[in-house]
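Q: So the chains spell out like this:
4 protein chains.
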Amino acid sequence: MQTATTEVPVRYAETDQMGVVYHANYLVYMELGRTALIESLGCDYVAMEDAGVVSPVLEVQIKYRKPLRYGEAARIKTWIEKYDGLRVVYGYEILNPRGELCATATSVNVCVDKKTFMPVAMKRSFPDWHRVYEQAKKG
Amino acid sequence: MQTATTEVPVRYAETDQMGVVYHANYLVYMELGRTALIESLGCDYVAMEDAGVVSPVLEVQIKYRKPLRYGEAARIKTWIEKYDGLRVVYGYEILNPRGELCATATSVNVCVDKKTFMPVAMKRSFPDWHRVYEQAKKG
Amino acid sequence: MQTATTEVPVRYAETDQMGVVYHANYLVYMELGRTALIESLGCDYVAMEDAGVVSPVLEVQIKYRKPLRYGEAARIKTWIEKYDGLRVVYGYEILNPRGELCATATSVNVCVDKKTFMPVAMKRSFPDWHRVYEQAKKG
Amino acid sequence: MQTATTEVPVRYAETDQMGVVYHANYLVYMELGRTALIESLGCDYVAMEDAGVVSPVLEVQIKYRKPLRYGEAARIKTWIEKYDGLRVVYGYEILNPRGELCATATSVNVCVDKKTFMPVAMKRSFPDWHRVYEQAKKG
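Chains as they are written, first to last, in this note's numbering: chain A, 16 to 154; chain B, 16 to 154; chain C, 16 to 154; chain D, 16 to 154.
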């Protein structure tokens, strides 16, 4: 299993009046983790969109354990939890600078045609992605 | 079981280059639904924060079924799925103007002290909230 | 001169750890004001985009006078300050529920082709918009 | 005059359905530029907030020249345009990876007491900041 780690300093804009990172912004962090993983696998998401395919999120599950604060950087670990040629389940851990777990999450992504939002099988349409996802996945 | 329904026109700022509402913004819609429910129950969240207590989200589960687009209004239905005096599980359905289900979700919220983030029992500290939550909850 | 007024309750997501609305979100409020004005003039922005034209912001000037807080609704007044057939200067006032001025702003918008981002003259391509903008403008 | 330069990859979340970075997000980029400048000057904004002082934005002026797109990184140059012991005028240029100017902007910041939002003179309350701002400013 291949894991990507990326560091994202908390932005002031991401805090709310509780004095911590607003919870919806963790989904943006997850996307940054996914982006880092995709790049580390040598895949090119911009090229996928240029080919008329986008990859929407179908499901998110997230548990918040500790708040992240301005002045800290989020450390985001991302891996491929499951992959079946069509759907990808990504796994995530988000940690603070002291190494404490702030959130754990999974998301499910698919590929769809940009115009119709009809499913596109990664296995058939993006065989290069398929190959590296097969090799990098956990299970 | 009491359900609140609120309509939220999609903002241009909420779309992304897929041409649909960016998935993290559904968590903001969920919060607006929660706010509408809390108001319909006669509770006052601003007063809770003035009393030094905030109510962070502990968990989110969301399934995206159909994209929402600019020019549409999201119809958000929110209810109390479970409540045990400490944790609240809210349930959500988000529909488009044609009545089609765009997302289903749950979130878990608790009350914590604003300074320490230590749990505060709603049952003890906010007995008025407790009473209406007991009456309004589904299960 | 025609002015549109719209009320926007502050969202928790829009606050930051200063305990007030994060300053960049006023530009979203301005867009909501612009949308309300365009609707009140009987124009249809979604139809404009369907015709392959988008209307980006070229300039923003904003002065922040008083903070807006969660629990308040922003009252946004919007009008057409200037219009010359190509560029629109919108004017804005954002007030709190006590009628106090929280921000004053202007923005400059144009129409461009969605693919090339080359300017499109509203006067020629959208004569209906042109006519109502001529009538509604201040100067 | 001292200038800080920082690179910020465009996030998918920052795009809108025009296929470019949503205009309000440039104010977030400006804040990241300001943060980079403050760090390069050896000042500590988190410590300032810990001392009960926050630094809201009083004014923004921005001109958008070219759109930024997903797949690009924004290069943000930030400097102190003016400083008088109380108000700071920051200047900004935002460029795309081809070195083309995408936006020019200024913002005015002050320091205020976190509770009362009453002005705090940087010169008196933060003499270390004052000294480096005097040395780093353009005019």
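Please keep in mind that the hints were generated in silico from the structure rather than gathered at the bench. Warning: the hint list may mix true and false statements.
Each pair may be met inside one copy or between any two copies, as identical chains are not told apart.
Said to hold, decoys possible - In silico DSSO-like links for lysine-lysine, alpha-carbon gap of 30 Å or less: (1) K129 - K81; (2) K78 - K130; (3) K81 - K138; (4) K81 - K130; (5) K81 - K153.
Q: None of the hints should be skipped; say for each whether it holds.
A: Quick rundown of the hints versus the structure:
1. Proximity of K129 to K81 under the C-alpha cut-off of 30 Å is restricted to the inter-copy arrangement: shortest distance 14 Å between copies versus 37 Å within a copy.
2. When the C-alpha separation of K78 and K130 is checked against a cutoff of 30 Å, the pair qualifies only between copies, where the shortest distance is 21 Å, while the shortest distance within a copy is 33 Å.
3. In this homomeric assembly, K81 and K138 come within 30 Å of each other (Cα to Cα) only across copies, at 23 Å, whereas the closest approach inside a single copy is 38 Å.
4. In this assembly of identical chains, the alpha carbons of K81 and K130 lie at most 30 Å apart only when taken from different copies (14 Å versus 40 Å within one copy).
5. For the homomeric pair K81 and K153, the shortest alpha-carbon distances inside one copy (26 Å) and between copies (29 Å) are both at most 30 Å.
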